[in-house]
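Q: The chain contents come next:
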Amino acid sequence: MRRRVAIIGAGMTLFRRRMLETGKELSFEAAKMALDAAGLTLKDIESVVEGSAPDAFDGVHMKGEYLIDGSGGIGKPYQRVYVGGGTGVFTPVAGWWNVASGLYDTCLCVAEEKMSPLHPHPQYAFWSIFDQILERPLGTTLLWIFSLEMRRYMHKYGIKEEEIAEVAVKNKGNAVDHPCAQLGAKITVDDVMRSEPICSPVKRLDVSPPSDGAAAVILASEKVAKKLTDQPVWLDGVGWTLDSTHWTNRDLAYPEYVEKAAKMAYKMAGIKNPRKEIDIAEPYDPFDYKELHHLEGLQLAGKGEAPKLAIEGVSQRDGDMPVCPSGGLLGVGNPIAAAGMMKVCECFWQLRGEAGKRQVKKDAHTAVAQAWGDLMQVGTVTVMRS
Amino acid sequence: MSQKITSYPGHEITPEDLKASKYLEIIQKVEPKYSWAAGVAISRFLNELKEGRLIGRKCDQCERILVPPRMYCERCYRPTDSWVYVKDTGTVNTYSISHVGTDARRLKSPLLVAVVEIDEASPGMGILHTLSEVEPSRVTIGMKVQAVWKPAEERQGAITDIRYFKPFEGV
Ligand SMILES: [Zn+2]
Chain A
0 MRRRVAIIGA
10 GMTLFRRRML
20 ETGKELSFEA
30 AKMALDAAGL
40 TLKDIESVVE
50 GSAPDAFDGV
60 HMKGEYLIDG
70 SGGIGKPYQR
80 VYVGGGTGVF
90 TPVAGWWNVA
100 SGLYDTCLCV
110 AEEKMSPLHP
120 HPQYAFWSIF
130 DQILERPLGT
140 TLLWIFSLEM
150 RRYMHKYGIK
160 EEEIAEVAVK
170 NKGNAVDHPC
180 AQLGAKITVD
190 DVMRSEPICS
200 PVKRLDVSPP
210 SDGAAAVILA
220 SEKVAKKLTD
230 QPVWLDGVGW
240 TLDSTHWTNR
250 DLAYPEYVEK
260 AAKMAYKMAG
270 IKNPRKEIDI
280 AEPYDPFDYK
290 ELHHLEGLQL
300 AGKGEAPKLA
310 IEGVSQRDGD
320 MPVCPSGGLL
330 GVGNPIAAAG
340 MMKVCECFWQ
350 LRGEAGKRQV
360 KKDAHTAVAQ
370 AWGDLMQVGT
380 VTVMRS
Chain B
0 MSQKITSYPG
10 HEITPEDLKA
20 SKYLEIIQKV
30 EPKYSWAAGV
40 AISRFLNELK
50 EGRLIGRKCD
60 QCERILVPPR
70 MYCERCYRPT
80 DSWVYVKDTG
90 TVNTYSISHV
100 GTDARRLKSP
110 LLVAVVEIDE
120 ASPGMGILHT
130 LSEVEPSRVT
140 IGMKVQAVWK
150 PAEERQGAIT
160 DIRYFKPFEG
170 V
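Chains as they are written, first to last, in numbering that gives the first Met the number 0: chain A, 0 to 385; chain B, 0 to 170.
Take the hints with a grain of salt, since some may be wrong.
[Unchecked claim] Listed below are the simulated DSS-like cross-link pairs for lysine-lysine, each with C-alpha atoms no more than 27 Å apart in a straight line:
| # | chain 1 | residue 1 | chain 2 | residue 2 |
| --- | --- | --- | --- | --- |
| 1 | A | 23 | B | 107 |
| 2 | A | 185 | B | 3 |
| 3 | A | 356 | B | 3 |
| 4 | B | 28 | A | 23 |
| 5 | A | 226 | A | 31 |
| 6 | B | 28 | B | 107 |
| 7 | A | 226 | A | 42 |
| 8 | A | 302 | A | 159 |
| 9 | A | 155 | A | 31 |
| 10 | A | 259 | A | 275 |
| 11 | A | 302 | A | 262 |
| 12 | A | 360 | B | 3 |
| 13 | B | 28 | A | 31 |
| 14 | A | 42 | B | 3 |
| 15 | A | 23 | B | 21 |
| 16 | A | 361 | B | 3 |
Treat the hints as calculated values from the structure; they're not laboratory data.
Okay, chain A solo, but in the shape it has when bound (with noise of 0.2 Å):
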């Protein structure tokens, strides 16, 4: 029998392009926040898992293991996990393992990424993503599948760029509020729209940055989460689903393996119109246009639609269905797997109220967070409910 399992803490460290801590400290910087707000200590911790993307960003083989003093997994069952981008949702997802399963009452989920020591740029990590015989040959850049989607996408249901852009502008505003954010800013649709080409239709506005960061979440059972906080949030559905790495086989217009994820985790959380019954969305938004994508992947729009919900006001902070009230990946920062589980930590701390100036308009009782990653191939969800 599967058990209920809440999100009794939340912490992270500042996001930004290059930090003194190693992925170690990080690591640990933002654990202990996350214990310090459970009012737990490392002993009360039975498993801990760590995400963290790929090693070619460190250049450190067996990433997990040298991270696991700084997560505090020492002498526990720790697992180290990874899906790429999604790694960032699918921490808390194999968490919920842990503690679902009836195996442990506590669990630390730690993710972690610094890019900044890859040389000349932490893009060069994903040329080797790509398959080495038919398409790193051609001289790749992760880029390129993000321009080649986004293309796709805007031709497929008629949207324009100036739409896509309103996502840039809605997320780094909202991140100004942000205090660990890295690029909150408020800009407009045209500085999205004159800034530089970089791999068209991709300009630099419509890019997250890389970052250095970690995050990091305590989940508990019902029982010991009953009797630490009032104020438990409930980890009440996951999903994830993978495809295969034929991505240029794939429909590029539409995420299917977000939306099998996120009926997953609907159906796992009693979740039957999510429109309905999501009032704060925090999808993955490397690039503005992804955001739509998985919106869209995630059942909170019909195919094509996305774009109106920011235009429309809907997906605004003080919206109907506020969506990355944090500031998203594009404000606050990509370090991958921590931008991820930044967005669960954002949905745990607007279901609590304690977001401060980025608190929601809108009573809020359900949120989804969502991450996205690999060779435009994996989607992680996690529904939560206060």
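Following the hints, position chain B with the ligand against chain A.
A: Showing chain B with the ligand alone in chain A's frame:
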């Protein structure tokens, strides 16, 4: 960040700090070298490229012709059944004008990249390649294109044996 938390950890190293050597940097170059076996399916595909042809694998159960070829059908989860030659023409599924290279540095001249759905393969079976002999502003989704091959003596059994795709000139 919760409003209950008033200070948040971390020390930023700014570009100015780097310039002023404010912090130590430890630099190592890691240069592993790999020699990959191309596999059963792709070895045949590469050998056919050397001959100036494209080949796929057919799954008799779902009747798909898979390009790039694989020895198993990932949907039916069974071995594929036969080799099928496909045309070296196709349709642009999507394209991009890339101004950056693998390490995010600016390219001297932009590169046109595309997913090309290969004719005679099943719908949606595309490969990644580049486009040339066309102005970026004239490329459209749905445009018909054809492979431009290297001369036979220069082909070596690599995806780059196709130099690029260009607008289709046939009928
Ligand atoms: Zn089949």
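Q: Indicate, hint by hint, whether the structure satisfies it.
A: Cross-check of the supplied hints:
1. 23/A to 107/B: Outside the cut-off at roughly 39 Å; violated.
2. 185/A to 3/B: holds (26 Å)
3. 356/A to 3/B: Given that 27 Å is the threshold and the Cα spacing comes to 12 Å, the pair holds.
4. 28/B to 23/A: holds (22 Å)
5. 226/A to 31/A: holds (20 Å)
6. 28/B to 107/B: Holds, because 26 Å separates the two Cα atoms, which is no more than 27 Å.
7. 226/A to 42/A: With Cα atoms ~17 Å apart, residue 226/A and residue 42/A stay inside 27 Å; holds.
8. 302/A to 159/A: Cα-Cα ~15 Å, so holds.
9. 155/A to 31/A: With Cα atoms ~46 Å apart, residue 155/A and residue 31/A exceed 27 Å; violated.
10. 259/A to 275/A: With a Cα-Cα distance of about 19 Å, the restraint between residue 259/A and residue 275/A holds, given a limit of 27 Å.
11. 302/A to 262/A: This hinted pair holds, its Cα atoms lying about 16 Å apart.
12. 360/A to 3/B: holds (19 Å)
13. 28/B to 31/A: violated (33 Å)
14. 42/A to 3/B: holds (24 Å)
15. 23/A to 21/B: Roughly 21 Å separates the two Cα atoms, so the pair holds.
16. 361/A to 3/B: Holds, at roughly 20 Å.
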